[in-house]
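Chemist: Okay, here's what each chain looks like letter by letter:
Number of protein chains: 2
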Amino acid sequence: MPSTSLSFADRAAHRAWLTSQAGLPRGFRAGAAAFEFVPFEVEKPARMKLALLTLDAPTGAFAAVFTRNAFPGAPVLVGRRRLAEPRLGAVLVNNKISNVCAPGGVEASERLCAEAAGLLGLAPSEVLPSSTGVIGWRLPLEAMSEALPAAVASLQGSSILPAAEGIMTTDLYPKVRRADLPGGASIVGIAKGAGMVEPNLATMLVYLLTDAPVGRAELRAALAEAVDQSFNAISIDSDTSTSDTVVALASGAAGPVDREAFRAGLLRVCRDLAEDVVRNGEGVRHVMRVRVRGAPDATAARQLGKAIVNSPLLKTAVAGNDPNVGRLVAALGKEAGARGIALDPSRAQLTLGGEVILEGGLFQLDREKERRLTAHLVAAELYPQAPAPDGITFRPPIDFPRHERAVEIEVALNGGPGQAEVLGADLTHEYVTENADYRS
Amino acid sequence: MPSTSLSFADRAAHRAWLTSQAGLPRGFRAGAAAFEFVPFEVEKPARMKLALLTLDAPTGAFAAVFTRNAFPGAPVLVGRRRLAEPRLGAVLVNNKISNVCAPGGVEASERLCAEAAGLLGLAPSEVLPSSTGVIGWRLPLEAMSEALPAAVASLQGSSILPAAEGIMTTDLYPKVRRADLPGGASIVGIAKGAGMVEPNLATMLVYLLTDAPVGRAELRAALAEAVDQSFNAISIDSDTSTSDTVVALASGAAGPVDREAFRAGLLRVCRDLAEDVVRNGEGVRHVMRVRVRGAPDATAARQLGKAIVNSPLLKTAVAGNDPNVGRLVAALGKEAGARGIALDPSRAQLTLGGEVILEGGLFQLDREKERRLTAHLVAAELYPQAPAPDGITFRPPIDFPRHERAVEIEVALNGGPGQAEVLGADLTHEYVTENADYRS
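Those sequence lines, one after another, are chains P and C.
Mapping the first sequence onto this note's numbering, position 9 (from 1) lands on 9, and the numbers just tick up by one.
Mapping the second sequence onto this note's numbering, position 84 (from 1) lands on 84, and the numbers just tick up by one.
Please keep in mind that the hints were generated in silico from the structure rather than gathered at the bench.
The structure displayed is predicted, hence computed values, not measured ones.
All the pointers check out, no bait thrown in.
Same chains, same names: a pair is fine if it fits in one copy or spans any two.
Quick list of in silico lysine to aspartate or glutamate cross-link-like pairs, EDC-like style, CA-CA up to 20 Å:
#1 K44 - E142
#2 K369 - E43
#3 K369 - E381
#4 K369 - E41
#5 K44 - E370
#6 K44 - D366
#7 K96 - E36
#8 K96 - E142
#9 K369 - E408
#10 K369 - E355
#11 K96 - E110
#12 K96 - E370
#13 K96 - D366
#14 K44 - E368
#15 K96 - E146
Chain P with its partners taken away, still in its complex shape (with noise of 0.2 Å):
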């Protein structure tokens, strides 16, 4: 799935790679604000940043995809109403709280968007609101508005980065990720991902900027496709977020581009983020990437895929580098047997690493074998698991990507034509003290 094979030594390796990504394409400005407050829930004072991307002049070429989560957030409903609007000059995103189900949440946001119009000279309909973090909570509106002019100050047309800095939330670095088009146009794009991954979406929140010349309906149909094969097909935890958005804008500043260029440069550019959002997913330890063929169908062969990904028994396993590949075959077996997907064990081959673990209906295990399949787990780790300092808070001493290795996992199935590419990650000690403690 990556069109990179990265790696990079030391954090400021990968920061001057990311700098080198982060090229805003013409026509768009960056920038973001910090600032503390005080939530309204906890007692705690909080910090919050404010992120804006900006066009030079507002465009009829936009499109977004949002969650299906029955509880959409206030920012996704209005979302879902700019979809209708002639022209959008501005995304305005938020971290630390999600605007979900909170009381006034939807009209908080319109506020939020038509008092960043009145600082940009846009109509409050021209403005896209996003919002990130803890579901449940209010947006503390005042301290807000107060930080958007110094987010307004902020813009600048060179680099993307301190927008991608700006949606963080346990996010361990920026994801920036661009292709670069014949004829001089460029697609860049940002993600903000961590937890609550899967499925048709995430917490995760996508900016794609693109100065390519494409129309409002050529962009949502090149966005839909893009997003089916890149972001819908990762997992980190099954969780579904109330806030997912993924949102393309086309300020049409460059010169033609060929319409298949584009899609595939917008495909890699979302399968890349996906790919990112997934490495810094929260405690990843090893990225799990399965490729299942010979499914009844596409749909059985994605399904069969999160399966893997996501059984809690296999993910503890590749986290401890313990190469028990029944967990691997148990995941299997029960989405199969639960869903009805026809799978015949004896004409089924699995392999971990290029090593084939099962093949006409038994393992191909032994000794050495498992020495090469524990090397294999190894190797793709991004860092040694290290005791915690306290005995119980696990965290990641890195904050970078140190390669673009992932767990190989092949399943071919013989009985049909569907096939699917599916990317996880495992379940580590690091991704519970995340997230048995993430408000507090």
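For chain P, the structure is supplied; the task is to place chain C on it using the hints.
Modeler: Positioned in the frame of chain P, the structure of chain C alone reads:
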């Protein structure tokens, strides 16, 4: 769900209660034997137990329900055949290795049944085999054969407790439940649970013995109904094992019973065992009980309940005694959205520990309520989290259940007649420790 509200001050008190429950119904004997062996697949010696349950006279009144996993273990394949046999006289269970997709697995199971039958004076087809443990390894046939006479020699007619201990893997304590029926008959059940427990059974082995004079057809109908309302409504980690088995045997040695009383008793024993299995799930510090009503139908209600207890983000929050109710709403909304279950947020009411947390589409939270919600979580904790001595290896400090309290979640959707009750558990450092390093 629990028919009891027990609490135990220490292991000895729990042990005394277990002993009081463990009297065998008339016509049964039970026993177990332990031994060491070296697995083919790894070099480290391992310990296995063989447990035996026998009838004084083989019975035609037996029933069994097996996993729906598409990779069933060899004993499940053999067990399904046994359902067509005229009589059953014994059940032979081993822990440590589950005999799934192992070369010669079915032959190994049958050979052990034949050897046990020889020692017990039964036909080979009158012995039902069960195996639980590591998936992918082969049974140590010679070592098991050698241990069989000791298992037969251990048989006695007074207590099922040795067998309940014999089938344990990572269980912290044996699970025994009983129902004494009017007229003198009884139903006594044992369960082995721990991890890999989800819908449609688990790495869960359950054996139910009764001296009630019920026929084969009646027993099979009653068991199917009881399993659906108990073991199919629990989930520790959403994984369904390749070996799940529930067996019921009736000796007919007691006087006549009322049919309804028998069905109710069987259901109660199954529900109590199901809750025991969750409470003693791997690394479980909180049991979660979700009651859903007002769903379009019972299936939807159970799906929504399972989605809540299976949300890793909610499970980790509960582990941390953090009433992060936003994650509860996110999990509910995700499932409804993904499955197309009609759900009107404005008609939903959600409570946690009896406190209304969402109503009319809006969260109902304040600082005082947050404190009460936290207190509810703390009260439901089986033991407080303690730092791992080595910073990595978390172990439960108790091997008995302190109480039968649960985190109580109620979801009222006002959208139909469907209701369900689902049990699940939190996701803790103890779970990760247990499962990242179970085999070695």
